[in-house]
Amino acid sequence: MEDTGLPPSWEVRHSNSKNLPYYFNATDKVSRWEPPAGTDTEKLKKYMATHHSASSQGGSIGRPEGKIRAAHLLVKHRDSRRPASWRESEITRSKDEALAIIKAHEQKIKSGGVSLGELAMSESDCSSARKRGDLGYFGKGDMQKEFEDAAFALQPGQMSSVVETASGLHLIERLE
8 MEDTGLPPSW EVRHSNSKNL PYYFNATDKV SRWEPPAGTD TEKLKKYMAT HHSASSQGGS
68 IGRPEGKIRA AHLLVKHRDS RRPASWRESE ITRSKDEALA IIKAHEQKIK SGGVSLGELA
128 MSESDCSSAR KRGDLGYFGK GDMQKEFEDA AFALQPGQMS SVVETASGLH LIERLE
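So for the sequence shown, the numbering used here puts the first residue at 8; every next one is plus one.
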């Protein structure tokens, strides 16, 4: 067994529902998204790069039929259907303020100063921020219609302009 850098009894597993790796303690039957205390992070990084990166999972070869893969950056406002996020327990900004924020993000990305994935990690109001905004694979009917229409209209590598849904305002980048 290759060294994961995790403490004894811990292993890396893969969540089928979230398409993400997670950490499981076989002795205590406990699972978590963050590495447990006592993890050798350098060994874990090497293990994850080898076994849980997009390239190690076959890239587009494993793409499900009729599905695409996209990442997004979400900026919520007080009228979003759930005006809270991992960044703020209560989002009070107006829709106009959210629009100004996401337009500034769009300009930073278009100017080449930062990628959507890099910016999503610190600025997105979606929990996918920890995955650089990556939503994994999805098909028609899996997302809100406005989001789906915009994502499916993109070619891999392209980014949308601002897309409005009930969740808030998005920039979408098609990955595959």
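Please note that a few of the clues may not be correct.
[Unchecked claim] Ranges of calculated distance between the beta carbons of each label pair, as one might list FRET restraints:
hint: 1; residue 1: 52; residue 2: 22; range: 11 to 21 Å
hint: 2; residue 1: 151; residue 2: 108; range: 34 to 44 Å
hint: 3; residue 1: 165; residue 2: 110; range: 34 to 44 Å
hint: 4; residue 1: 10; residue 2: 110; range: 41 to 51 Å
hint: 5; residue 1: 161; residue 2: 114; range: 31 to 41 Å
[What the hints assert, rightly or not] Derived DSBU-like pairs (lysine-lysine); straight-line CA-CA distance at most 35 Å:
hint: 6; residue 1: 52; residue 2: 74
hint: 7; residue 1: 52; residue 2: 138
hint: 8; residue 1: 74; residue 2: 102
hint: 9; residue 1: 147; residue 2: 117
hint: 10; residue 1: 50; residue 2: 152
hint: 11; residue 1: 36; residue 2: 53
hint: 12; residue 1: 110; residue 2: 50
hint: 13; residue 1: 115; residue 2: 102
hint: 14; residue 1: 52; residue 2: 117
hint: 15; residue 1: 147; residue 2: 115
hint: 16; residue 1: 74; residue 2: 50
hint: 17; residue 1: 102; residue 2: 53
hint: 18; residue 1: 52; residue 2: 102
hint: 19; residue 1: 74; residue 2: 53
Treat the hints as calculated values from the structure; they're not laboratory data. Where a beta carbon is used, it is the ideal one built from N, C-alpha and C, also for glycine.
- prompt: Any of the earlier hints contradicted here, and which numbers?
  reply: 2, 3, 5, 10, 12, 17 and 18
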